[in-house]
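Protein chains: 2
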Amino acid sequence: MAREKNPPEVERYGNMAEFFTIGVDYGTNSVRSIVVSTATGKEVGSFVFNYPSGHQGILLDKNNHHCARQNPADYVKGVEVTITAALKETAKKLKGFSPEKVIGIGVDTTGSTPIPVDRNNVPLALQAKWKKNLAAYAWLWKDHTSAVEAAKITAAAKARAPEYIERYGGVYSSEWFWAKVWHCLNTAPDVFEAAWSWVELADFIPAVLAGIKNPVEIKRGVCAAGHKAIFSEDWGGLPSKKFLASLNPKLADLRERLFAAAYDAGTPAGTLCPDWAAKLGLRAGIPIAIGAFDAHYGAIGAGVAEGTLVKIIGTSTCDCTVVSRDHKKGEIPGICGTVLGSILPGYYGVEAGQSAVGDIFKWFVEVVCGNDGSLHETFTRQAQKLTPGQSGLIALDWNNGNRTILVDPRLTGLLIGQTLYTTPAEIYRALIEATAFGARAIIERVKEYGVPISRIVCCGGIAEKNPLLMQIYADVTGCTMLISGSSQTCALGSSIAAAVVAGKKNGGYDTFAQAQKKMTSLKPIKYVPNPKAKKVYDELYAVYRLLHDGFGGIAGPVDLAQVMKKLIAIKERAAA
Amino acid sequence: MAREKNPPEVERYGNMAEFFTIGVDYGTNSVRSIVVSTATGKEVGSFVFNYPSGHQGILLDKNNHHCARQNPADYVKGVEVTITAALKETAKKLKGFSPEKVIGIGVDTTGSTPIPVDRNNVPLALQAKWKKNLAAYAWLWKDHTSAVEAAKITAAAKARAPEYIERYGGVYSSEWFWAKVWHCLNTAPDVFEAAWSWVELADFIPAVLAGIKNPVEIKRGVCAAGHKAIFSEDWGGLPSKKFLASLNPKLADLRERLFAAAYDAGTPAGTLCPDWAAKLGLRAGIPIAIGAFDAHYGAIGAGVAEGTLVKIIGTSTCDCTVVSRDHKKGEIPGICGTVLGSILPGYYGVEAGQSAVGDIFKWFVEVVCGNDGSLHETFTRQAQKLTPGQSGLIALDWNNGNRTILVDPRLTGLLIGQTLYTTPAEIYRALIEATAFGARAIIERVKEYGVPISRIVCCGGIAEKNPLLMQIYADVTGCTMLISGSSQTCALGSSIAAAVVAGKKNGGYDTFAQAQKKMTSLKPIKYVPNPKAKKVYDELYAVYRLLHDGFGGIAGPVDLAQVMKKLIAIKERAAA
Numbered sequence: 001m002a003r004e005k006n007p008p009e010v011e012r013y014g015n016m017a018e019f020f021t022i023g024v025d026y027g028t029n030s031v032r033s034i035v036v037s038t039a040t041g042k043e044v045g046s047f048v049f050n051y052p053s054g055h056q057g058i059l060l061d062k063n064n065h066h067c068a069r070q071n072p073a074d075y076v077k078g079v080e081v082t083i084t085a086a087l088k089e090t091a092k093k094l095k096g097f098s099p100e101k102v103i104g105i106g107v108d109t110t111g112s113t114p115i116p117v118d119r120n121n122v123p124l125a126l127q128a129k130w131k132k133n134l135a136a137y138a139w140l141w142k143d144h145t146s147a148v149e150a151a152k153i154t155a156a157a158k159a160r161a162p163e164y165i166e167r168y169g170g171v172y173s174s175e176w177f178w179a180k181v182w183h184c185l186n187t188a189p190d191v192f193e194a195a196w197s198w199v200e201l202a203d204f205i206p207a208v209l210a211g212i213k214n215p216v217e218i219k220r221g222v223c224a225a226g227h228k229a230i231f232s233e234d235w236g237g238l239p240s241k242k243f244l245a246s247l248n249p250k251l252a253d254l255r256e257r258l259f260a261a262a263y264d265a266g267t268p269a270g271t272l273c274p275d276w277a278a279k280l281g282l283r284a285g286i287p288i289a290i291g292a293f294d295a296h297y298g299a300i301g302a303g304v305a306e307g308t309l310v311k312i313i314g315t316s317t318c319d320c321t322v323v324s325r326d327h328k329k330g331e332i333p334g335i336c337g338t339v340l341g342s343i344l345p346g347y348y349g350v351e352a353g354q355s356a357v358g359d360i361f362k363w364f365v366e367v368v369c370g371n372d373g374s375l376h377e378t379f380t381r382q383a384q385k386l387t388p389g390q391s392g393l394i395a396l397d398w399n400n401g402n403r404t405i406l407v408d409p410r411l412t413g414l415l416i417g418q419t420l421y422t423t424p425a426e427i428y429r430a431l432i433e434a435t436a437f438g439a440r441a442i443i444e445r446v447k448e449y450g451v452p453i454s455r456i457v458c459c460g461g462i463a464e465k466n467p468l469l470m471q472i473y474a475d476v477t478g479c480t481m482l483i484s485g486s487s488q489t490c491a492l493g494s495s496i497a498a499a500v501v502a503g504k505k506n507g508g509y510d511t512f513a514q515a516q517k518k519m520t521s522l523k524p525i526k527y528v529p530n531p532k533a534k535k536v537y538d539e540l541y542a543v544y545r546l547l548h549d550g551f552g553g554i555a556g557p558v559d560l561a562q563v564m565k566k567l568i569a570i571k572e573r574a575a576a
Numbered sequence: 001m002a003r004e005k006n007p008p009e010v011e012r013y014g015n016m017a018e019f020f021t022i023g024v025d026y027g028t029n030s031v032r033s034i035v036v037s038t039a040t041g042k043e044v045g046s047f048v049f050n051y052p053s054g055h056q057g058i059l060l061d062k063n064n065h066h067c068a069r070q071n072p073a074d075y076v077k078g079v080e081v082t083i084t085a086a087l088k089e090t091a092k093k094l095k096g097f098s099p100e101k102v103i104g105i106g107v108d109t110t111g112s113t114p115i116p117v118d119r120n121n122v123p124l125a126l127q128a129k130w131k132k133n134l135a136a137y138a139w140l141w142k143d144h145t146s147a148v149e150a151a152k153i154t155a156a157a158k159a160r161a162p163e164y165i166e167r168y169g170g171v172y173s174s175e176w177f178w179a180k181v182w183h184c185l186n187t188a189p190d191v192f193e194a195a196w197s198w199v200e201l202a203d204f205i206p207a208v209l210a211g212i213k214n215p216v217e218i219k220r221g222v223c224a225a226g227h228k229a230i231f232s233e234d235w236g237g238l239p240s241k242k243f244l245a246s247l248n249p250k251l252a253d254l255r256e257r258l259f260a261a262a263y264d265a266g267t268p269a270g271t272l273c274p275d276w277a278a279k280l281g282l283r284a285g286i287p288i289a290i291g292a293f294d295a296h297y298g299a300i301g302a303g304v305a306e307g308t309l310v311k312i313i314g315t316s317t318c319d320c321t322v323v324s325r326d327h328k329k330g331e332i333p334g335i336c337g338t339v340l341g342s343i344l345p346g347y348y349g350v351e352a353g354q355s356a357v358g359d360i361f362k363w364f365v366e367v368v369c370g371n372d373g374s375l376h377e378t379f380t381r382q383a384q385k386l387t388p389g390q391s392g393l394i395a396l397d398w399n400n401g402n403r404t405i406l407v408d409p410r411l412t413g414l415l416i417g418q419t420l421y422t423t424p425a426e427i428y429r430a431l432i433e434a435t436a437f438g439a440r441a442i443i444e445r446v447k448e449y450g451v452p453i454s455r456i457v458c459c460g461g462i463a464e465k466n467p468l469l470m471q472i473y474a475d476v477t478g479c480t481m482l483i484s485g486s487s488q489t490c491a492l493g494s495s496i497a498a499a500v501v502a503g504k505k506n507g508g509y510d511t512f513a514q515a516q517k518k519m520t521s522l523k524p525i526k527y528v529p530n531p532k533a534k535k536v537y538d539e540l541y542a543v544y545r546l547l548h549d550g551f552g553g554i555a556g557p558v559d560l561a562q563v564m565k566k567l568i569a570i571k572e573r574a575a576a
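Quick note, the sequences are listed as chains A and B, same order. Those letters in the first sequence? Residues 1 to 576, by this note's numbering. Those letters in the second sequence? Residues 1 to 576, by this note's numbering.
Check each hint, because a few of them may be wrong.
Stated by the list, open to error - Pairs of lysine-lysine, DSS-like flavour, derived with a Cα cap of 30 Å:
id: 1; chain 1: A; residue 1: Lys152; chain 2: A; residue 2: Lys329
id: 2; chain 1: B; residue 1: Lys362; chain 2: A; residue 2: Lys385
id: 3; chain 1: A; residue 1: Lys571; chain 2: B; residue 2: Lys152
id: 4; chain 1: A; residue 1: Lys152; chain 2: A; residue 2: Lys242
id: 5; chain 1: A; residue 1: Lys566; chain 2: B; residue 2: Lys152
id: 6; chain 1: A; residue 1: Lys62; chain 2: B; residue 2: Lys535
id: 7; chain 1: B; residue 1: Lys158; chain 2: A; residue 2: Lys566
id: 8; chain 1: B; residue 1: Lys62; chain 2: A; residue 2: Lys535
id: 9; chain 1: B; residue 1: Lys565; chain 2: A; residue 2: Lys62
id: 10; chain 1: B; residue 1: Lys565; chain 2: A; residue 2: Lys152
id: 11; chain 1: A; residue 1: Lys362; chain 2: B; residue 2: Lys362
id: 12; chain 1: B; residue 1: Lys566; chain 2: A; residue 2: Lys362
id: 13; chain 1: A; residue 1: Lys565; chain 2: B; residue 2: Lys566
id: 14; chain 1: B; residue 1: Lys565; chain 2: A; residue 2: Lys565
id: 15; chain 1: B; residue 1: Lys219; chain 2: B; residue 2: Lys328
id: 16; chain 1: B; residue 1: Lys95; chain 2: B; residue 2: Lys505
id: 17; chain 1: A; residue 1: Lys152; chain 2: B; residue 2: Lys566
id: 18; chain 1: A; residue 1: Lys132; chain 2: B; residue 2: Lys571
id: 19; chain 1: A; residue 1: Lys517; chain 2: A; residue 2: Lys92
id: 20; chain 1: B; residue 1: Lys62; chain 2: A; residue 2: Lys534
id: 21; chain 1: A; residue 1: Lys566; chain 2: B; residue 2: Lys362
id: 22; chain 1: B; residue 1: Lys131; chain 2: B; residue 2: Lys250
id: 23; chain 1: A; residue 1: Lys158; chain 2: B; residue 2: Lys565
id: 24; chain 1: B; residue 1: Lys158; chain 2: A; residue 2: Lys571
id: 25; chain 1: B; residue 1: Lys447; chain 2: B; residue 2: Lys532
id: 26; chain 1: A; residue 1: Lys152; chain 2: B; residue 2: Lys571
id: 27; chain 1: A; residue 1: Lys77; chain 2: A; residue 2: Lys92
id: 28; chain 1: A; residue 1: Lys504; chain 2: A; residue 2: Lys279
id: 29; chain 1: B; residue 1: Lys62; chain 2: A; residue 2: Lys532
id: 30; chain 1: B; residue 1: Lys505; chain 2: B; residue 2: Lys93
What the hints assert, rightly or not - A few chain B residues facing chain A, derived, Cβ under 8 Å:
id: 31; residue: Gly370
id: 32; residue: Leu411
id: 33; residue: Asp559
These are computed hints drawn from the structure, not numbers from a lab. All C-beta atoms in this analysis are idealised placements derived from N, C-alpha and C, irrespective of residue type, glycine included.
With the hints as constraints, model all of the structure from the sequences given.
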């Protein structure tokens, strides 16, 4: 009896996997594409493109430091440059590789990063007329110009449609879609009028690759729609015309030109159009996964599942997990969003985050200490020698506001306990600890509302490169910190989504669970809590929460008389 | 009718004054002597001697950063070196000058800086046996090892003799005499046993010059005795034996070996003994003024009088004024001390202070920013361009505790409002502003209790060299800031005291008012409050007081919810 032959499209060479997907990951300053083996999850080629416009890819307004825009031309150029270069690298390294073996593309991006576009999905910024108007560009996630509009949306929703913001922790953020669009209408009405529609970067790139020209035909991801644009099937999609009209009638008009449905990662956004197939040297017609936010595909790339929290730790932090309908106890106050299908199909995606983590350390080293960055190493080495509590310092990690659990971008930093002997390494450690306390506040809040967390997988540059921080996180939270095997979990997650939309019959997988099992991994290292350190941090966390709840406005009046004395008592015990 | 001839001891030469006094000023890191014309207050010669022992003259304990001791040998060597060198310089610069024309010596020092001595007034530290024991050295004012003892003294006084600490603002400080002596007994009992007596540096040097060997015969100044050692005629001198015995019976025994009387600046401490006259090249028998703390003689040198507050602004700040019995409304809560005769004979001396001013800026530049000091200029230049409130920051000036009005050395620093854009120059300005708010808290408290303040004269290095700080002080307090004409007000004040104890008949003066009129002056510059800045600072001061009173423990629970928002609102208005 002859064994069945492999299906004709599969060719084996050496011990390498047969098929590949491409993950494209749009970060804040650059875009990266990786070519991944669907059999092992191994990255076989990659390329990074730094956005050429502005300062490190960001267009700033020197009169308003809340402003952060990007040039959509950088996005379009970036996908072409990085995919072709990553393919070239793969072909060079991997004997027998051919772009024909690529069975799908996945895209993740920052967000909410909405782009005003014309009727043909062409960004206004690419048109000569709008070149000089920053409002016509992409409104990067960390643009905070729209605080007033966000507050008004929060107030309006509280008064007339509380369900709209309940799943956002009761507060609509200035970083999100409607606040930005409305701020454009208020401050650059000409741009607003010229924009036929607005498209999230996560939806824009798949549409470009698929050659979809009509904005209303773009398949929008439920991730961006649900987490940022108040989209839910519970109330028939986007916010009602009536609600939008109560903000401004022009927003109600815009609603028609946005979208009526949103899709989870189980659905393709489209297939690669012949034009782009030619540009990239790939087969036309391969599926393109629904675009999602970097953190969400990053969570998939790190192995998110019910019970597993994925922490992406970089300039800021994003914490993602999923929860089934059975476990979820209502909306979670202060959590940025819980949206059905936003991470894994069939589960509620739970997304939380800290607005600044690495950015705070960077600020301290580069701005305050005026250093080129080399002090990170020095301070880390010195901070490592300190025991918990020994500095006598405590900080709040709010230099860029607080995303979770206070959802207030206008909160600011705080440092307390400094003496004339306080060293910069002590401050550096206190800042790390502050972010760890912030992380603990998120974990405690999520668990309180029934979301199971029995395993934490960390990824991102800081998780990989900063053992001091990881140990502090373990000690502060009391949870073992695992590290994702891939350094590019976002791009890997995108490539996993691509493998799933390609399907098993084409060399991919039929479910995310199957794909994650083969394509994700953990590093051998793990950070286990030290019970003695945990005990000290429990005391410090109580002080943190007193300040956090007091300055964050979720406690009534707070008794501060013992705060400094308490820190000194902890310090003296630590030094003894 | 023939006019009376000048008294025989007066010789005229050119248009120069006829007589001179010497002011000796013991600072934290060095001692300075100046030779001063009694006719004009002009400094005609000077010399500085840096204490050779330890780090910048301070003996540190690497296991306890609260420890700050000094070598009494440095003090003794310093007076000889500086007086002889200053006289030599004077003789070189001033034709016709002769040391014979020096009619008195005045000495001011840091304090409370008690020194354990044997029966012959020889410091234990100078004896081979104790050379290695830091407890046998001089306990510098800023030694904070005795916090526990200070707290116990406060508690004991509250319970059994509230009058003892009422004039200290209700709190006995770890910087002061009894706390230090008791801490020595508790931690170095062998040193305590070996010490026949303890002498304040301010009393020690005049005694050395006068050749007084028996510690109980030393004329102690009311300034040190009253402000630091709980001495008052109201209760028969030092604290009662019974009270001291309740702390430790050995302290009660010590009482007999200290002093039973204390003197104001109107009384000489003695006359120059032949030995020291020979060493210094001066006439034996000239009077030596009672030793006093630097700030008190500094106040005199800056022209203190009823209605005039003198601010000595340096590493820390000392604020001095005097008030007559008629104006004083009881003890002033939180003021370090009000002691009859401690500054000017016949008036209550009112002393307040900030534990760190220049030290905070120095810490920020040198320790946090790791700079050699050159950044002071850069940050000042950048901070000068900011308007009040523009940084969005507010700080508490407690990196070295709070002397007035909270009298709590264990309070610590605080910085609030930082974002990822906060520059070090903004922090630098916020730290200056914090010290200005601290200064305002003192002025308001003192005035509240009837002490008239219609004129503020500043002196010290920072007052002379930092126009930015002086303008901020004017804007924050709403008071015009005048600057003392002399750069060495402490030494000048000592030389004024010397002129007064010498008396008019010997070429000096009979009263301080007469001496100050001739011997003190103002610089032409003055800093006038800007009403617009004052208005912004009034708002910021309200925030400062909220935090100050809350963390300082003099308010009940505090509502913090609006603190960060308020700072942002002020910042946004400032930027507009």
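For each hint, the structure was consulted:
1. Distance hint between A:Lys152 and A:Lys329 is fulfilled; the C-alpha atoms sit about 28 Å from each other, no more than 30 Å.
2. Proposed proximity of B:Lys362 and A:Lys385 is supported: the alpha carbons are some 25 Å apart, at most 30 Å.
3. Pair hint A:Lys571 plus B:Lys152 holds up; C-alpha atoms about 21 Å apart against a cutoff of 30 Å.
4. This hinted pair checks out: A:Lys152 and A:Lys242 have alpha carbons roughly 15 Å apart, not beyond 30 Å.
5. This hinted pair checks out: A:Lys566 and B:Lys152 have alpha carbons roughly 19 Å apart, not beyond 30 Å.
6. For the suggested pair A:Lys62 and B:Lys535, the alpha carbons sit about 27 Å apart, so the restraint of at most 30 Å is met.
7. At roughly 23 Å between alpha-carbon atoms, B:Lys158 and A:Lys566 fall within 30 Å of each other, so this suggested pair holds.
8. At roughly 27 Å between alpha-carbon atoms, B:Lys62 and A:Lys535 fall within 30 Å of each other, so this suggested pair holds.
9. For the proposed pair B:Lys565 and A:Lys62, the alpha carbon gap of about 22 Å is at most 30 Å, so the pair holds.
10. Between B:Lys565 and A:Lys152, the direct Cα distance comes to roughly 16 Å. Compliance with the 30 Å bound is thereby established for this hinted pair.
11. The hinted pair formed by A:Lys362 and B:Lys362 meets the criterion: a straight-line CA distance of about 23 Å does not exceed 30 Å.
12. A hinted pair counts as satisfied when its Cα atoms are at most 30 Å apart, and B:Lys566 with A:Lys362 qualifies at roughly 26 Å.
13. Taking the CA atoms of A:Lys565 and B:Lys566, the gap is about 27 Å. The hint holds against a cut of 30 Å.
14. Between B:Lys565 and A:Lys565 the CA atoms are separated by roughly 27 Å; this keeps the pair inside 30 Å, and the hint holds.
15. A threshold of 30 Å between alpha carbons decides the hint, and for B:Lys219 with B:Lys328 the separation of about 28 Å falls inside it, so the pair holds.
16. A threshold of 30 Å between alpha carbons decides the hint, and for B:Lys95 with B:Lys505 the separation of about 24 Å falls inside it, so the pair holds.
17. Between A:Lys152 and B:Lys566 the CA atoms are separated by roughly 19 Å; this keeps the pair inside 30 Å, and the hint holds.
18. Note on A:Lys132 and B:Lys571: the hinted pairing holds, with a Cα-Cα distance of about 28 Å set against a maximum of 30 Å.
19. With a C-alpha separation of about 28 Å, the suggested pair A:Lys517 and A:Lys92 falls inside the 30 Å cut-off, and the hint holds.
20. The suggested pairing of B:Lys62 with A:Lys534 holds, with an alpha-carbon distance near 28 Å, which does not exceed 30 Å.
21. The hinted pair formed by A:Lys566 and B:Lys362 meets the criterion: a straight-line CA distance of about 26 Å does not exceed 30 Å.
22. Taking the CA atoms of B:Lys131 and B:Lys250, the gap is near 24 Å; set against the 30 Å cutoff, the hint holds.
23. Taking the CA atoms of A:Lys158 and B:Lys565, the gap is about 21 Å. The hint holds against a cut of 30 Å.
24. With a C-alpha separation of about 28 Å, the suggested pair B:Lys158 and A:Lys571 falls inside the 30 Å cut-off, and the hint holds.
25. Restraint check for B:Lys447 and B:Lys532: satisfied, since their Cα atoms lie roughly 24 Å apart, inside the 30 Å limit.
26. About 21 Å separates the Cα atoms of A:Lys152 and B:Lys571, which keeps this hinted pair within 30 Å; it holds.
27. Between A:Lys77 and A:Lys92 the alpha-carbon distance is near 23 Å, which keeps this suggested pair within the 30 Å criterion.
28. Between A:Lys504 and A:Lys279 the alpha-carbon distance is near 27 Å, which keeps this suggested pair within the 30 Å criterion.
29. The hinted pair formed by B:Lys62 and A:Lys532 meets the criterion: a straight-line CA distance of about 26 Å does not exceed 30 Å.
30. As the CA atoms of B:Lys505 and B:Lys93 are separated by approximately 27 Å, the hinted pair is consistent with the 30 Å bound.
31. Against a cut-off of 8 Å between C-beta atoms, the interface hint on B:Gly370 holds, since the closest Cβ of chain A lies about 6 Å away.
32. With its C-beta approaching chain A no nearer than about 5 Å, B:Leu411 sits inside the 8 Å limit, and its interface hint holds.
33. At its closest, the beta carbon of B:Asp559 sits 5 Å from a beta carbon of chain A; the interface hint therefore holds under the 8 Å criterion.
Of the hints listed earlier, there is not a single one the structure fails to meet.
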